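S.K.: Protein chains in written order, with the working numbering: chain U, 12 to 504; chain Y, 245 to 739.
Derived Cβ-Cβ restraints for the label pairs, each shown as a range:
(1) Y/Ala396 <-> U/Glu107: 24 to 32 Å
(2) Y/Ala631 <-> U/Arg343: 52 to 60 Å
(3) U/Ile353 <-> Y/Gln625: 40 to 48 Å
(4) Y/Gly257 <-> U/Ile353: 36 to 44 Å
No lab work stands behind these hints: they were computed from the structure. All of these numbers come straight from a predicted model, not from anything done at the bench. C-beta atoms are modelled at their ideal positions from N, C-alpha and C, and glycine is treated no differently.
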Amino acid sequence: MTELTDLSLADARRALLNKEVSAVDLAKAQIAAIEQARALNAFIKETPEVALAMAADSDARIARGEAGPLEGVPLGIKDLYCTAGVQTTAASHILEGFTPAYESTVSANLWRDGAVMLGKLNLDEFAMGSSNETSYFGPVISPWRRVGSDAALVPGGSSGGSAAAVAARLCFGATATDTGGSIRQPAAFTGTVGIKPTYGRCSRWGIVAFASSLDQAGPIARTVRDAAILLRSMAGHDPKDTTSVDLPVPDYEAAVGRSIKGMKIGIPKEYRLDGMPAEIESLWSQGVEWLKAAGATIVDISLPHTRYALPAYYIVAPAEASSNLARYDGVRFGLRVPGKDIADMYESTRAAGFGKEVRRRILIGTYVLSAGYYDAYYVRAQKIRTLIKGDFESAFAAGVDAILTPATPSAAFGVGEKGSADPVEMYLNDIFTVTVNMAGLPGIAVPAGTSSEGLPLGLQLIGRAFDEETLFAAAEVIEQSAPKVSLPARWWA
Amino acid sequence: MNTHANPSKLIKGATGDWEVVIGMEIHAQVTSRSKLFSGASTTFGEEPNANVSLVDAAMPGMLPVINEECVAQAVRTGLGLEAKINLRSVFDRKNYFYPDLPQGYQISQYKSPIVGEGVVLVDVSPTEQIEVGIERLHLEQDAGKSLHDQSATDSFVDLNRSGVALMEIVSKPDMRSSDEARAYVSKLRTILRYIGSCDGNMEQGSLRADVNVSVRRPGGPLGTRCEIKNVNSIRFIGQAIEVEARRQIAILEDGGKIDQETRLFDPGRGETRSMRSKEEAHDYRYFPDPDLLPLEFDQGYVDRLAAELPELPDAKKARFIKDYGLPPYDAGVLVADKETADYFEAAVQHGDARRDAKLVANWITGDVAAFANSIGLSVAQTHIKPAQVAGIVDLISDGTISGKIAKDLLAIIVGEEKDGDPRAIVEARGMKQVTDAGAIAGAVDAIIAANPDKVAQAQAKPSMLGWFVGQVMKETGGKANPQAVNELLKAKLGI
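Looking at chain U on its own, in the form it has when it is part of the complex (with noise of 0.2 Å):
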């Protein structure tokens, strides 16, 4: 049998809009398969009365012929968008039991459109980590596994809690942000679709910021579609985020199915890495020959700053960090831990509030920007930057209208597994995603094939500024080619 809980995000919206189905007992459903899958952690706050309203009034907008673009959809809401009346955490104790008294642009623009609020979903602390494994809340485990074992896989991050809720069909879609990877990694570690659109592209407005630079909302979904139809949702400009930009937000969906016969697709040599497992390499190849066969022309193309991007993201990424970390002071509201003065105040709040990868990443940001390594580090790392944007510019002034990447240089690995000596062998997760933040593009993951203990892989488009249209047709062309891959039997029920 079918449940309600499978159907595709657009299939849901339908039924709905036919009556086949009411925005509360999809509501119900969805309830009640989170319920079942505390197990997974995704949700660090469950809100099924808020959803249980939202989905009634949907029901009577739909009943009038009122009915929002995603009226009666139950959506997870990453837990680093404040919502009115609804505790927002960052996943971090310095935020514990903080109830803003507003509603992120965003989110509110979910629910104009008649979106159905089920939760608050877990991510690593301030959307620094690539596994979730760095949440307060605790980590988040994937739904996926190994084929023949029960290790605990993460989900991937910062998103992960989008990405598992979304992929063991707890919501039908989430929001996700990426400052460097952390909707597109996750994303291709649980078989989902994730795009980061544009920087500008979403306001940043009531998302607790990490790198103002380099931060950008964007969905999670099952299909390509499913994505396109939320992103649509939450684009647009927002006088209140200056850095947002004022262009039309273009129908997504209705590029979803478009052909690519004669577009030009970009292979950047530099993504070859040494090392890089056989698999990855395969998977790009296959991508190659799928978009071939689709009509896309393949040519070689080189990102020459490439290897530079990843250090260069850790310089910039912290120092944007460890200033907007700053207001977390224990002053006005959140977690205060007193002390014998002000400095002991601050300094016991901020010890006890944020755990150790935050803590790590405020230190490299405010050394980074200290008086004599300013240069060397920062304006070196925004020289960086610059060289990276003009790469991608030569290579789409040359005719490419987007290039192909793998999403990740592995698939899922094992909670606890990375990371514990060596944070930058966590940080090399990031390795294929980093460079589109740092040049402000779109970026898409998409599922695009297993592992050899079968795991999901995704791939990753890149494209122009404001193109996420040509993202969305040439990764529904590798969504449609991709063998179909099947989420093992709910085991976390």
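Could you slot chain Y onto chain U? The hints should help.
M.R.: Positioned in the frame of chain U, the structure of chain Y alone reads:
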């Protein structure tokens, strides 16, 4: 920069002369309805934390949005300082922890300010004008206020000021005395008030000065400077410079050296005290604020603002000199306050007649200003109307009353007849001066007859004439026309 030390400005030390070198950073609160990056009100004196938006309180996920009026005010001010307007400037974050700084950083402009180099002409005395160079002007956020006196154990924070726009106006080290420094601040305040970009109210903290002071041997290399923070009156700026210069001279003359540090002026004790040394200075970790795009506008925008600027003090002064024939000093005094300058023009131009502008200026800057000062108001704020001043001047000019009677007339307008028409008062009270030669002659003859010894003296020494004039005036109750008295006395005494 002045390269030659002016001997009259030097400070005498035990081992010789010293020259004090002063530069200033003025923080001027921008006149705007809302804050630099939020929509919260900037009204002064509200209940604590009444004017705080989510942005000002640095709630998670909040973003700054530039207030365009503050940008316009900074550009207008830059134009008033004859300064270079930078069409592209950048906001940076200045990072430090303090409870009244909710973001944990102040948004300021570090490497690329909105306004570059300019110059201010400063009248130090009726005969001395100096040029003070402007290094830059940038926009930044004000901090909130920590309240330590509300509880024995806790401090409280008032964020009403948090995020209010400030212009930091940095001068070059071009001042050489406390007089020059005070005159510079006065002039700057005048310019800001003319433009309307800052109300210049130092008591409310709308204008505060950080004063950099160093001393050196005349013509020698610059000494190590100390920065006296947050001085909030022009008088205190002068006092702070004097005591700080003497403190530094005493140290140097004892063979010591000056530590570069930040100091506070204590007006009660008349001394400066160390706040923090260079070693304790914060590392502010400035970097461009990634929440804000660079601030860019075109020359057309600047030109439009320039076209809308009011006449500024230097231009007005030049016009007063040219059009009204005022001496530069009088013109300078009048234009120091825009309302006073307007008052002057209204008085000169009142009615159809063009009257003696110098006489009008004398009355406004003299007796009327003295009255205004005595009740703590500016000239324009008093009940005395420009038309009344015009009336008084006209009565003097057409010989109806003497200058002395005019003072009595003003006293009547100040007191009993606040709205009175000067000519009507003179008529009603019989204050007209006597110009009838016959009436005056009687008094003159009587005085001459009664004082033969004085007559002899006056004939030997004509400056004695004044005594006779005084006696005649006394005799006539001050109403005699002094000119007529003078002439008649000269004739009768034969001098």
